[in-house]
Amino acid sequence: MNAVVVAWNHFWFRPASPLGPIAVRILLSVQALWIVLSRPELPNLVAWPDAFWTDIPTALRFRFFVFARSSTLEWILWATLIILLLLLIVRGGRLAAFVAGILLYHFAPMENILSGAALLGFRGLTQPVQGLLILSFARQPHLHDQPSPEYRWPVAAIQLLFSLTYFFAGLSKLFDAGWSWVSADNMQATAMVFTTWPVSSPWAAWLIAHRGACWVIGVGTLALELLFPLVLFSPLAAKILVPIAFIGHIGIAYTLGIYFLSSPLLLLFLNWDWVAEAFARASSTGRPTSAPSHLE
Amino acid sequence: MLLLYIIALNTGVAVTQRDFWPFPTYPLVPSRYDIHAPNARMEYYGLTGDGREVPIDPYVWSPLFPLALDLWFRMHFPHLDAGQKAEAVAFLRDQAAARMDRLAHGERIGAERILGPAALPDYWLYVRPPHYRGPLYGLRVYRTEWRAAERYRDRNAVKRILVAESLR
Chain A
1 MNAVVVAWNH FWFRPASPLG PIAVRILLSV QALWIVLSRP ELPNLVAWPD
51 AFWTDIPTAL RFRFFVFARS STLEWILWAT LIILLLLLIV RGGRLAAFVA
101 GILLYHFAPM ENILSGAALL GFRGLTQPVQ GLLILSFARQ PHLHDQPSPE
151 YRWPVAAIQL LFSLTYFFAG LSKLFDAGWS WVSADNMQAT AMVFTTWPVS
201 SPWAAWLIAH RGACWVIGVG TLALELLFPL VLFSPLAAKI LVPIAFIGHI
251 GIAYTLGIYF LSSPLLLLFL NWDWVAEAFA RASSTGRPTS APSHLE
Chain B
1 MLLLYIIALN TGVAVTQRDF WPFPTYPLVP SRYDIHAPNA RMEYYGLTGD
51 GREVPIDPYV WSPLFPLALD LWFRMHFPHL DAGQKAEAVA FLRDQAAARM
101 DRLAHGERIG AERILGPAAL PDYWLYVRPP HYRGPLYGLR VYRTEWRAAE
151 RYRDRNAVKR ILVAESLR
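Protein chains in written order, with this note's numbering: chain A, 1 to 296; chain B, 1 to 168.
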């Protein structure tokens, strides 16, 4: 039992530098800004004719606070952008992180609330909502603070939640299709079906023609997804799995036409202390350094 | 307590496989696909002055992307009365015509309105047809049905059913 407590405390509460939560706050703010600036017409949806809304459950509107008129929502969207900029540029604060998290929670389902708000996990705002709300409970870091357990647990919690993106994707395959999901037959069939949908899938024909590659991708994808939580515990696993995940997202985009909007957040697993040290060394010697590749 | 809450909630999501956003199950292509199974989606065409059908750019429906609009047409449109259907399709017709016109004049629409090519797309990377340059006088909405095994060999192996039409 004692060993469990020690392991628990080591994982969540070992002293960490303030760079981690600062980097996480910046990454989540940039991601959220990128999404919101790419969806500038979200407030317009409430101005669509009543015919679009008559069949939408009231409970769904209550759940996401969708009541306001379009002009009000435009102001709220601008407020969201300003708060995210505050978080990005001038640190903001716990209240700003909380308000931003709640406002993003409100806007996130607007793109598909008319169709029951399905598959919200893939719309890119899940991690900013989760992460900013977690940061609102954490101590606000200052760049020159000493390492502290208070700077470890929020970063670990946000990394854990992001790693579940992959782990749960693997689990859902096992629940839905079972181990046969990895078969070359299924990979070929999946690629073939997607080529008949109105999405861009330029590599699909190549994949369909190569059964060996289908097996490698099927087994590799499920293995990556189920093993991904190892990045939380092992720097070596992070060095291997995070780049593979990034390459996998490129492969999926070109084969199935699916773009994982949260893929830039793989940077959450970068060891930002190492990045800072590398830059400090480079600036003190005046020599260029190689690109940082170390992952925590 | 916050950490225990997060862990308990996600364990519940994993065990029950019930999506409870912002704690989702992330079902990314979880099924076994069957190339002989039926597929269906909606297709949208604008009507030109001489009665030709031209494909509509997927970004004109912003803030919705086509997948969300498809689902709405399949889940909710059939339950509307005739007046509501006419109102909804007329709205889509006017929005499509206005935004196709803006595209024809080189303006940005939808996701690209502020950030241009740096904007994030939908998680589906839609094929964007060449932009028709000219006024549109109507909108037709089709439900298309096909089987991948047939359509992979022949792009035209598709059954089209007219679901809605709206003319100016």
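Derived from the structure by calculation, the hints contain no laboratory data.
Hints should not be assumed to be uniformly reliable.
[Unchecked claim] EDC-like, lysine to aspartate or glutamate: derived pairs with alpha carbons at most 20 Å apart:
1. B:K85 with A:D176
2. B:K159 with B:D81
3. B:K159 with B:E145
4. B:K85 with B:E165
5. A:K239 with A:D185
6. B:K85 with A:E150
Checked hints:
1. B:K85 with A:D176: violated (36 Å)
2. B:K159 with B:D81: Distance of about 26 Å is beyond 20 Å: violated.
3. B:K159 with B:E145: holds (5 Å)
4. B:K85 with B:E165: OK: B:K85 and B:E165 at ~10 Å, within 20 Å.
5. A:K239 with A:D185: Measuring from Cα to Cα gives roughly 31 Å; hence the hint is violated.
6. B:K85 with A:E150: violated (56 Å)
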